[in-house]
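S.K.: Chain by chain, the residues:
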Amino acid sequence: MKHYLVLRVIAKLLIPFMLLFALYVQFHGDYGPGGGFQAGVIVAATIIFYAVIFGLPTARRVVPETVLETMMAAGVLIYAGVGVAGLLLGGNYLDYFVLDHDPVHGQERGIFWVEAGVAITVSGVMLKIFYMFAGRRRRDPGE
Amino acid sequence: MAVVVIAIVTQRNLFAVVVLSGAYSFLMATVLFALDAIDVAMTEASVGAGISTVLLLAALHLCGADEAKRFQHPGPPLVTAVIIGGLLVYGTFGLPAFSDPEAPIHRHVVPRYVNDAMRETGVPNVVTAVLASYRGYDTLGETTVVFTAGVGVLALLRRRRKRTDDKGAPR
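Which chain is which? The protein sequence lines are A and B, in order.
Using our numbering, the letters of the first sequence correspond one by one to residues 13 to 155.
Using our numbering, the letters of the second sequence correspond one by one to residues 15 to 185.
Careful: at least some of the hints might be erroneous.
Across the chosen pairs, the derived CB separations fall in these ranges [said to hold, decoys possible]:
(1) Phe-29/A with Cys-77/B: 40 to 50 angstroms
(2) Asp-50/B with Arg-73/A: 38 to 48 angstroms
(3) Asp-114/A with Gly-99/B: 51 to 61 angstroms
(4) Ala-48/B with Leu-31/A: 23 to 33 angstroms
(5) Tyr-105/A with Ile-20/B: 41 to 51 angstroms
(6) Val-18/A with Gly-99/B: 42 to 52 angstroms
(7) Leu-101/B with Tyr-16/A: 45 to 55 angstroms
Please keep in mind that the hints were generated in silico from the structure rather than gathered at the bench.
Everything numeric in this text was worked out from a predicted model, so none of it was measured.
Note that beta-carbon positions come from the ideal geometry of N, C-alpha and C, so glycine has one too.
Please build the complete structure, drawing on both the sequences and the hints.
M.R.: In structure tokens, the structure reads:
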């Protein structure tokens, strides 16, 4: 794909906006449609787009595999950590009311972190699966 | 959508099947959008049409694009499919009518979600409130499922790659 100048330029133009849209979906999920899952998928799709245009090694340099593996676990840990934080502050597990003085603000804060955890895990897993598939070489037909 | 499904069934080239199922996902997203389920439509468009198409194409690249062979005895699977399909259609007769306000699903917890979600959580989008707050345990489970899927792929594919790397070395 090294010679397709139009594709490369368009991709470079589009990718920032795709990432921005993912952030919008993530943080505007409280008010409009969207949320952590969708935002994570959009982030992963953006990086996959980048990998398709610029090649897998370049994408691996931008988003290394160790980062992805950390993200996969970190998202679940953030989500579970919100639950533990609720426990430590005197509520039940995954009880958001205790996260702030005002119960409603606590809810908003809890939902924010939970959605962040979902987005991190989803984008990490999607990208990791893509890397694993795309990184394998094709088997010989005669095998 | 029916046309796309028939095309998928009759098509022998797996590449065309993958592209058609992407088109099917987009149509499905349009239907969900028409049903005012924008969150689900968004997920369907990005996951069904986007990511899974890419992943299936990557899988096709690994294993070739032609179906191995025609299925020889279509009789028993056909009978099974017809019986199961008939049972499912029979089951739908027991469901309440579409958009029936007296249906059990609209009388149990939905009034509380719709009426009190804004006051209790301060989040205007009820879908997000239900997903992240009222049903927080379920979403935690879903996130764990996604994580587990990733770990499973990692465990399966990474070991294979290592085996081809040190070819001939005893394991």
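S.K.: All hints are to be evaluated individually against the structure, with a verdict given for each.
M.R.: Okay, the hints, checked on the actual structure:
no. : hint                                        : in the structure
1   : Phe-29/A with Cys-77/B: 40 to 50 angstroms  : violated, 35 angstroms
2   : Asp-50/B with Arg-73/A: 38 to 48 angstroms  : holds, 43 angstroms
3   : Asp-114/A with Gly-99/B: 51 to 61 angstroms : holds, 52 angstroms
4   : Ala-48/B with Leu-31/A: 23 to 33 angstroms  : holds, 29 angstroms
5   : Tyr-105/A with Ile-20/B: 41 to 51 angstroms : holds, 49 angstroms
6   : Val-18/A with Gly-99/B: 42 to 52 angstroms  : holds, 47 angstroms
7   : Leu-101/B with Tyr-16/A: 45 to 55 angstroms : holds, 51 angstroms
Of the hints listed earlier, the one the structure fails to meet is number 1.
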